[in-house]
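Undergrad: Kindly produce the complete structure, drawing on both the sequences and the hints.
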Amino acid sequence: MADERVVGIDLGTTNSLVAFMQGDKPMVIPGEDGLNLVPSVVALNPARPGTLVGNAARITLITAPEKAIYSVKRLMGRGVEDVTEELKFFPFRLVDDIQPGEVLRIRLGDTEFTPPEISAHILRQLKRNAERYFGAPVTQAVVTVPAYFNDAQRQATKDAGRMAGLEVLRLVNEPTAAALAYGLDRQKEGIIAVYDFGGGTFDVSILKLHEGIFEVIATNGDTHLGGDDIDNLLIAIALDDLAGDAGMDVRRQPEAIQAIRKAVIEAKIALSSEPVAQFDIELPHGGRYQREIFREQFEQLIEPVIARTIAPCRDALRDANLTPDQIDEVVLVGGSTRIPAVQRLVSDVFELPRRGKQSRTELNPDEVVALGAAVQANILGGGSKATEDMLLLDVTPLSLGIEALGGVVAKIIQRNSTIPASASESFTTGVDGQTNVAIHVLQGEREMAKDCRSLARFDLKGIPPMSAGLPRIEVKFLIDANGILHVSALELRSGKQAEVSVKPAYGLTDEQVESMILESFDHAEEDIHLRQLVEARNDADTILNALEKAPLSPAWQLLEPDERAKIGALSVELAALKQGDDLQALRAGTEALDKATHRFAELMMDAAVSSAIKGQTMQSADDKLGEGPAAPHPIAQAEFH
Amino acid sequence: MQIAEGVSVPAKCWSCGHEVADGAPFCISCGKVQPPQQANYFAMFGLPPKLDLDVQTLEKQFYRYSRKLHPDLHARASQQEQEWSLTQASLLNDAYRTLKNPLDRTKYLLRLEGVELEDARQLNPSKVPADLLEEVFELNMQLEELRQNQKMGEDDPQLRRDLEAAKNQFAGQLTELDQQMRSRWTAWDAAWEQNDEAKKAASKDAMTALLQRRSYLQNLVRDVDETLGRS
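Line order of the protein sequences matches chains A and B.
Letter by letter, the first sequence follows residues 140 to 780 of the working numbering.
Letter by letter, the second sequence follows residues 34 to 264 of the working numbering.
Keep in mind the hints are simulated off the structure, nothing from the lab.
Do not rely on the hints blindly, as some may be mistaken.
As the list claims (entries may be wrong) - Cut-off 25 angstroms, straight-line C-alpha distance, at most; resulting in silico cross-link-like pairs (DSS-like, lysine-lysine):
1. A/Lys327 - B/Lys101
2. B/Lys133 - B/Lys93
3. A/Lys524 - B/Lys93
4. A/Lys615 - A/Lys600
5. A/Lys717 - A/Lys688
6. A/Lys524 - B/Lys101
7. A/Lys615 - B/Lys133
8. A/Lys347 - B/Lys101
9. B/Lys101 - B/Lys133
10. A/Lys347 - B/Lys93
11. A/Lys717 - A/Lys705
To be verified - Which stretches of chain B does chain A cover? Using the computed rule of at least three CB atoms under 8 angstroms from a CB of chain A, they are:
12. 97-109
13. 125-133
Said to hold, decoys possible - Looking from chain A toward chain B, a few residues come up when the C-beta cut is under 8 angstroms (computed):
14. Ile518
15. Leu519
16. Ser561
17. Leu617
All values derive from a computational prediction rather than experimental measurement.
Cβ coordinates follow ideal geometry from the N, Cα and C atoms, glycine included.
TA: Right under this line is the structure:
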């Protein structure tokens, strides 16, 4: 399977997408419902054991909120002590006995899930969508993460991929992916800033583009700032209104809160294009809530939230050693950048109007990250004409340090270092005969260890017993191209490889991940074969059904007798193949019949066109074709590879 | 980690057998990534250990090498080659980051030359350069006074202005030092070319002293910034 397609996945807080490069253009793969966006919602299936993902799960969010979860990305790679703020606003039902430093567990109905498991369900849905589209298994992906994600959050995302049966070839930072999508159409040079304000995270990255190299110079952000925060402000108003004027306290009614949440999101979206929007909410337990909100009010309300994006932009500029007027272009990414007040803020920060510039929004801000992930997937998959000169040089968003004497952090890899990056540090023993040395690795910019993010504690074991201070253990820290840390150690005097046991904070061990691999993955091969067979049968049906009506068409009479005979024979053959389960033969039969009917299809098109000219409407011509006006070949087949 | 002097035995590419220069990360004949060796940042770029280097040329070279070494370009290669690519690309990035920054480059060369530089954060107060002693002493007194004021919730605008002025004066000295460092580079580069051990040693000592002085000044500026920023 050397030619297996690598897909690009945007695993978003609110929505997720899967994309791939078709020829020289990245495109989003739609789901079964024909929609590109898969809402990042997972629910227990009310009908049978298992889960629902996406739009199907969104209904559960309102009907049975205790069985559904959204915005789980906010919990990825985090500990219980990190999420107290989130719990005030999000109906995450955490299991009670979680200890600090442990991976979180969320209750859905009677089942417990870790955040990576929930994400794995979303990834598996995207994987299935792609497999359905290609009619072939998909096992490798590039997955995007917020640039400001730390090591634990990245590791959790990679674990989720593994649980979903996807080998994550690369984690790409979301703003960088967006830059790749923008940089594809023409060879660009210069400095660009990507302002990525999504559902739950905010990132800003500054890149230098030169001859196809996308070099990130600086990145900054806030992994807890997004459209969700704006929704929560509006929900709070609605709840206050209800409690005050209507005397209805629905704070403890999750169904009501979800109904309100849905309505405020609609109002928020409307306010990007309208001066005023209405909430009109039928409450699940009776009652109705109506309110008007004007754009001015809305903008005043959200000002404190969107203003929090300014400092990261300034910090990124400072780290890049650039002034706003040195930024040639600003690219807007993420649904929240559709808000006019956000666009004005970006223009101000980067001084765009003064320089006669505008921020760039040509690519759909909801899709651009997935499209960029597809570009990176193409590069990793061996490249193509469109990507052959493209190379992404990304950075680590946070400094890496080790806890030194007195709880101070000694930085060993500075933030905004190009990755992969490495550093070596020497350690020794403090006591005669000491055989273990404990090392505490942290990520963050603060001076004291207690203010930084604890990544892991390592024990260097098996140091040969020597006098204190004599052993020299060289520890190598390597941040790979995914932004994930690897550690190895060597005792220099004995040349012995010291054993490093890593206890990831807030993470899962390899064994745990192994045990969480989604069950269906065990049957993935069979599943895929079965699905492919079903799809091949559907394809055969489509063509056979279309041919049933063929003799009624005037075009049929225009065919040579032997052409008609051949079509007849192949139809009978295909009908027989459809009953069996030989996938290859079935596909070959469908393809043969498709080929044989090609001229017939063309004649039908001609007939349709000429009848349209004769004054028939396009609609009746369509009815005759039995296909939409866009189909060039009325019984066109999906491509097989 | 001494710089290789004299003749070393040329290595051969594991893939095509072509000769590979010492420290070269990839084969110039077939382009395959080579197993990582003890890293020397200068050798990595095929550069002599000289300090006055052109950063723009270095950048071009960095991009060129990145196109050979980056793990993205070896995602389909053997496990072994992927590991080499990861290590070599990290060394390349580390090397570029170090060499493009004048100060880091100087420190790196001195370390290669066996000079043990003190950690800037743990400078020995007894080794304050003599001509700075008086100023450092006075500045520390003023800083202490300001901290006391802050504890009592008082503010002395004159003291703040004095400290600002002192800080600016030290910052000015820093800029001067960086100018001086440039001429030290020239001296080192010349000594290296002539392979003049005595001149090389003199140049190393001069640069080490300059760096140390620089660290002191930088710490002072930082202390003032931190203390002023606190109130």
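Undergrad: Could you run down the list of hints and mark each one as holding or not?
TA: Results of checking the hints against the structure:
Only pairs whose Cα atoms come within 25 angstroms are accepted, and A/Lys327 paired with B/Lys101 is accepted, the gap being roughly 22 angstroms. Annotation: proposed proximity of B/Lys133 to B/Lys93 holds, straight-line Cα distance about 12 angstroms (limit 25 angstroms). The hinted pair formed by A/Lys524 and B/Lys93 meets the criterion: a straight-line CA distance of about 23 angstroms does not exceed 25 angstroms. In summary, the hint linking A/Lys615 to A/Lys600 is supported, as the alpha carbons are separated by about 15 angstroms, within the 25 angstroms threshold.
Proposed proximity of A/Lys717 and A/Lys688 is supported: the alpha carbons are some 19 angstroms apart, at most 25 angstroms. About 18 angstroms separates the Cα atoms of A/Lys524 and B/Lys101, which keeps this hinted pair within 25 angstroms; it holds. Taking the CA atoms of A/Lys615 and B/Lys133, the gap is near 23 angstroms; set against the 25 angstroms cutoff, the hint holds. Proximity of A/Lys347 to B/Lys101 is assessed by CA-CA distance (about 19 angstroms); at most 25 angstroms being required, the pair is judged to hold.
Restraint check for B/Lys101 and B/Lys133: the C-alpha separation of about 20 angstroms stays at or below 25 angstroms, so the hint holds. Restraint check: the Cα-Cα separation between A/Lys347 and B/Lys93 comes to about 13 angstroms, which is no more than 25 angstroms; the hinted pair holds. A threshold of 25 angstroms between alpha carbons decides the hint, and for A/Lys717 with A/Lys705 the separation of about 18 angstroms falls inside it, so the pair holds. Counting residues of the segment 97-109 of chain B whose CB lies closer than 8 angstroms to any CB of chain A gives 8, which reaches the minimum of 3, so the coverage claim holds.
Interface restraint, the segment 125-133 of chain B with chain A: holds (4 residues with C-beta to C-beta distance below 8 angstroms; minimum three). At its closest, the beta carbon of A/Ile518 sits 6 angstroms from a beta carbon of chain B; the interface hint therefore holds under the 8 angstroms criterion. Against a cut-off of 8 angstroms between C-beta atoms, the interface hint on A/Leu519 holds, since the closest Cβ of chain B lies about 4 angstroms away. Satisfaction of the interface hint for A/Ser561 is found here, the shortest Cβ-Cβ separation to chain B being roughly 4 angstroms, below the 8 angstroms cut-off.
Because the closest C-beta pair between A/Leu617 and chain B is about 6 angstroms apart, less than 8 angstroms, the hint holds.
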